[in-house]
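Colleague: If you want the building blocks of each chain, they are given just below.
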Amino acid sequence: DIQMTQSPSSLSASVGDRVTITCRASQSISDYLNWYQQKPGKAPKLLIYAASSLQSGVPSRFSGSGSGTDFTLTISSLQPEDFASYYCQQSYSSPRTFGQGTKVEIK
Amino acid sequence: QVQLVQSGADVKKPGASVKLSCKAFGYTFTSYFMHWVRQAPGQGLEWMGIINPSGGSTTYAQKFQGRVTMTRDTSTSTVYMQLSSLRSEDTAVYYCAREPINYVPSFDPWGQGTLVTVSA
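Respectively, the protein sequence lines represent chains A and B. The first sequence begins at 8 in this note's numbering and counts up one residue at a time. The second sequence begins at 125 in this note's numbering and counts up one residue at a time.
Next comes chain B alone, as it looks inside the complex (with noise of 0.2 Å):
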């Protein structure tokens, strides 16, 4: 079925940077954006970005430009996104979500979250 599977919690301290992971199964890699959006414990949602598998063209949050690199794997399905230069304020859940290029926009579904946490 239909599913994104991130890679596994990570620490990490102050300015260093993250690589995270999201591998797509059971449909079409280049037929569906990718978007990152995180979560701050306790907070809301927060779009990062999206990238289009297709073409690999990407779109950031003007928050996050300069910080935030997403990239694709065609071969493999997988998308990924880094984030450097951590501050405490980044420790987060991050998720990937898909959403189609030729239909109505939403996303669904969603991977199941990433953990990164930003200490010294």
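Bound conformation, chain A alone (with noise of 0.2 Å):
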């Protein structure tokens, strides 16, 4: 199984901070990387497909970059609304899986 490690496990930033998530695959997964939003008692939300693509309807302070094993997740100004936590997860092959994910927490 391919394993995901996403750093920090959880951060605290302010309302308008940039903000870097980075997650490292086991392997090389070239760009099957996927980034999802979960608030508390919601389900995930897909933000970016394919390490950079945006998902239809997610503002565009959301960026993902990275190839290979390293990849990030950008947020180029915080809103309220973003404290949430968040998980890459690898689509290369079977079992899909997830990084431990990482809270981002009011500062």
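These are computed hints drawn from the structure, not numbers from a lab. Fair warning: this is a prediction, and the values are worked out from it, not measured in the lab. Certain hints may be false.
Said to hold, decoys possible - Below are the DSSO-like pairs computed for lysine-lysine, each with C-alpha atoms no more than 30 Å apart in a straight line: (1) B:K136 to B:K187; (2) A:K52 to B:K143; (3) B:K143 to A:K49; (4) B:K187 to B:K143; (5) A:K52 to A:K110; (6) A:K49 to A:K114; (7) A:K46 to B:K136; (8) A:K49 to B:K136; (9) B:K147 to A:K49; (10) A:K110 to B:K187; (11) A:K46 to B:K147; (12) A:K114 to A:K46; (13) B:K137 to B:K187; (14) A:K52 to B:K187; (15) B:K136 to A:K52; (16) A:K46 to B:K187; (17) B:K147 to B:K137; (18) B:K187 to A:K49; (19) B:K147 to B:K136; (20) A:K46 to B:K143; (21) A:K110 to A:K49; (22) A:K114 to A:K52; (23) B:K137 to A:K49; (24) B:K147 to B:K187; (25) A:K110 to A:K46; (26) B:K147 to A:K52.
Hints given; two lone chains; assemble the complex.
Modeller: Here is the structure:
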């Protein structure tokens, strides 16, 4: 199975901050990397697919980059509604493994 | 619009089985895989398995082999996930999520989730 490792596991940031979350795969997954946002009590929501493609309806302050084994999710200017948990997921092979998540909290 | 609607919360005793449903609306049911993912309280996302609604083929996570069964009913656009020999560690929210068969693989949308509580 491909292992996905996210860092950090949590972070505190202020509204307007630039936030970066990283995800590393245990082997090359090309660009088969997705990012999800999850708010408390809600289902995850797709933000970014294929490493850098913005899902329809997702604000442009979210962006993704990377290929191979190292990937990044960036929020250019954190907004109040962005405080949530974020998960990366590889879709290169089965099982579709997830990172352990990053919780973004208010500073 | 595209929507996945899951069955309601359930409480089971250890050793029992639970069967959850996920009904699809707004798209061609057989054009998308369906995955099941669970999330224990305060924990991350755990992939359980996948079903191809077109032919019914399945692949399960090794952890759940022998305990999980995924099926589908094309006449009602519904997939089912049965988990047997429940234990307290199976207490979690269970989600279904759609993935395109012939496009970039990603999970969208997700069902609203079903809370399963396993308690004596």
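Colleague: For every hint, state whether the structure bears it out.
Modeller: Comparing the hints with the structure gives:
1. Of the supplied pair hints, the one linking B:K136 and B:K187 holds, its CA atoms being roughly 20 Å apart against a limit of 30 Å.
2. Pair hint A:K52 plus B:K143 holds up; C-alpha atoms about 24 Å apart against a cutoff of 30 Å.
3. Distance check on the hinted pair: B:K143 and A:K49 sit about 21 Å apart at the alpha-carbon level, within 30 Å; holds.
4. Note on B:K187 and B:K143: the hinted pairing holds, with a Cα-Cα distance of about 18 Å set against a maximum of 30 Å.
5. Distance hint between A:K52 and A:K110 is fulfilled; the C-alpha atoms sit about 15 Å from each other, no more than 30 Å.
6. Restraint check for A:K49 and A:K114: the C-alpha separation of about 22 Å stays at or below 30 Å, so the hint holds.
7. Taken as a hint, the A:K46 and B:K136 pair is honoured in the structure, with Cα atoms around 27 Å apart against an allowance of 30 Å.
8. With a CA separation close to 23 Å, the supplied pair A:K49 and B:K136 stays within the 30 Å bound.
9. For the hint pairing B:K147 with A:K49, the CA-to-CA distance comes to about 18 Å; that is within 30 Å, so the pair holds.
10. At most 30 Å may separate the alpha-carbon atoms for a hinted pair to count; A:K110 and B:K187 meet this at roughly 26 Å.
11. For a cut-off of 30 Å, the pair hint linking A:K46 to B:K147 stands: about 23 Å separates their Cα positions.
12. Under the criterion of a C-alpha separation no larger than 30 Å, the hint pairing A:K114 with A:K46 is consistent with the structure, at around 17 Å.
13. Our distance criterion of 30 Å between C-alpha atoms is met by B:K137 and B:K187, whose separation comes to about 21 Å.
14. Between A:K52 and B:K187, the direct Cα distance comes to roughly 25 Å. Compliance with the 30 Å bound is thereby established for this hinted pair.
15. Of the supplied pair hints, the one linking B:K136 and A:K52 holds, its CA atoms being roughly 28 Å apart against a limit of 30 Å.
16. A C-alpha spacing of about 27 Å is found between A:K46 and B:K187, which places the hinted pair at or below 30 Å, so the restraint holds.
17. Restraint check for B:K147 and B:K137: the C-alpha separation of about 26 Å stays at or below 30 Å, so the hint holds.
18. A threshold of 30 Å between alpha carbons decides the hint, and for B:K187 with A:K49 the separation of about 25 Å falls inside it, so the pair holds.
19. The suggested pairing of B:K147 with B:K136 holds, with an alpha-carbon distance near 22 Å, which does not exceed 30 Å.
20. For the hint pairing A:K46 with B:K143, the CA-to-CA distance comes to about 26 Å; that is within 30 Å, so the pair holds.
21. A threshold of 30 Å between alpha carbons decides the hint, and for A:K110 with A:K49 the separation of about 14 Å falls inside it, so the pair holds.
22. Of the supplied pair hints, the one linking A:K114 and A:K52 holds, its CA atoms being roughly 24 Å apart against a limit of 30 Å.
23. A threshold of 30 Å between alpha carbons decides the hint, and for B:K137 with A:K49 the separation of about 26 Å falls inside it, so the pair holds.
24. Under the criterion of a C-alpha separation no larger than 30 Å, the hint pairing B:K147 with B:K187 is consistent with the structure, at around 25 Å.
25. As the CA atoms of A:K110 and A:K46 are separated by approximately 10 Å, the hinted pair is consistent with the 30 Å bound.
26. Between B:K147 and A:K52, the direct Cα distance comes to roughly 18 Å. Compliance with the 30 Å bound is thereby established for this hinted pair.
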